[in-house]
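Colleague: Fit chain D to the given chain P structure using the hints.
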Amino acid sequence: MRPLTIWKELSMEVWHQVLQQLINGISLGSIYALIALGYTMIYGIIKLINFAHGDIYMVGAYIGFFAITQAHLSVVPALLISLVVTGFLGMLVERLAYKPLRHAPRISVLITAIGVSFFLEYTTMYFVSPTPRTFPAMFGDVAVTVGGIVINGQQMLILGITAVLMVILTYIVQKTKTGKAMRAASFDTETAELMGINSDRIISITFGIGSALAAVAGVLVGIYYNSIDPLMGIMPGLKAFVAAVLGGIGILPGAVVGGLILGVVEALVSGFISSTFRDAAAFAILILVLLVRPAGIFGKNTKEKV
Amino acid sequence: MAEPMLKIDNIDVYYGAIHALKGISLEVNEGEIVTLIGANGAGKSTTLRTISGLLKPKTGSITFLGQSIAGVRAHEIVKKGISQVPEGRRVFAEMTVMENLDLGAFVRKDKAGIQQDLKHVFELFPRLEERKNQSAGTLSGGEQQMLAMGRALMSRPKLLLLDEPSMGLAPLLIKEIFNIIVDINKSGTTVLLVEQNANMALSIANRAYVLETGRITLSGKAQDLAASEDVRKAYLGG
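Respectively, the protein sequence lines represent chains P and D. When we follow my numbering, the leftmost residue of the first sequence carries the number 1, and every step to the right adds one. When we follow my numbering, the leftmost residue of the second sequence carries the number 1, and every step to the right adds one.
The hints are simulated quantities; they were obtained by calculation from the structure and are not laboratory data. C-beta: ideal position from N, C-alpha, C; glycine also. Just to be clear, a hint being listed does not mean it is correct.
[Unchecked claim] Here are the simulated lysine-lysine pairs, BS3-like style, with alpha carbons at most 30 angstroms apart:
1. D:LYS186 - P:LYS99
2. D:LYS186 - P:LYS47
3. P:LYS300 - D:LYS80
[As the list claims (entries may be wrong)] Sample of chain P residues facing chain D (criterion: CB under 7 angstroms; computed from the structure):
4. PHE88
5. ALA184
6. THR191
7. GLU193
8. LEU194
9. MET195
10. ILE197
11. ASP229
In isolation and in its complexed conformation, chain P is listed as follows (with noise of 0.2 angstroms):
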């Protein structure tokens, strides 16, 4: 009949779709830059892909669950419970399983942290069980709808948490004195001991940090999809590695948009291709990455000074 007024409609349609499903993108990806950040903090300091890191956000997971079936809690301290509880154990694998290899080649470590992820996945499920646990449902009823897309509580409470987060750890890492010692430590460890700079202090705490930061990403994951399990760690945990390396490893800016880029693409893949596709699109950006830009977007190519 009109063609085009159809053809209008329908493209208004695609657009409002794609504006949603950006913001679905936009929570699932800082979902991913909190875990990123902790990989690629650890990264930087030690150089170590920290294959446990996605099991260190599960334990945070249940961390956050228990405070907030068995303690009753709110969000708010079961999320600082799991930071806390979390950050510590994430020094704690750091001070057994990784300081006394501090000098042994690199393999060694990626396998014991390969070793330490099957440790804590298991032993959780040992004393968890493996059956998933229902989180109880949060802000479902809560929802703010602007010009037709629809932002809800879980969704409202994943972008507020990750933005108090990211200040608070610019502010850590580039004005407070340990932050200034992480970077140090993270650009040129022994010279930063040359400063007076414990580099062993300095790395036990990035492991805190980076723990800390994925733990909250477990208790948000739980609250935003219900359902947490001892392996939910594994696919996050790669897909938090995808966004590291996107955005450029080490560097924490790029584990950021690394992680939004990877949340808006699986998201837009999901929605108007299918989400079997969405961990395909995952790992084809990863190979992407490494085919066209293997220092990822943020990234130097470093080449050695002479």
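Modeller: Same frame as chain P, but now just chain D:
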């Protein structure tokens, strides 16, 4: 005679299987400039890295101000009053000049004293003040050397270890840097200087040691060594 400030007694240091230092002994007295000269690979840097705690001696002792410091970790050594300017400057390239200097004072808490030393560093190296908000990686080689020296001074060391400060610099700049080393020494900092540029090093030092493949082969007053036939042949180009 007073005890030397730094006394290294018969140390052996290994890099994995390589026996890098073979029974080295040397002394630095308070107020001196002592230089350690020798060819590439003789063990000069290894000696400094052992003093500053980056390497551990397998045997032998290192005493600083009456305290044993062999095997003490690098970040603890700084607190005792030894600061090193590493070979190749090793400035934190991604951080600003100011942040680099702040890190030099990492172990200190006396804000007034830090401020005072910052002023002193900017007097020694006015160019650093001009570029204080620039990232260290954008500085020229000479400026990076100045920054590395300023950074080391910010811990207010009693003993300053300098590893090849002349490396890769133009002759005029080398002269400037060496004049500043003399100034630093005059204002009360003892200096242990490692150099391949033996001519320059001997011209400002009180005493010198010659290192050859992990052993000290000669030592004495700098001016005597500069005049010695052996040293002239081997290190001063005839």
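Colleague: To test your reading of the hints: which numbers does this structure violate?
Modeller: 1, 2, 3, 4 and 11
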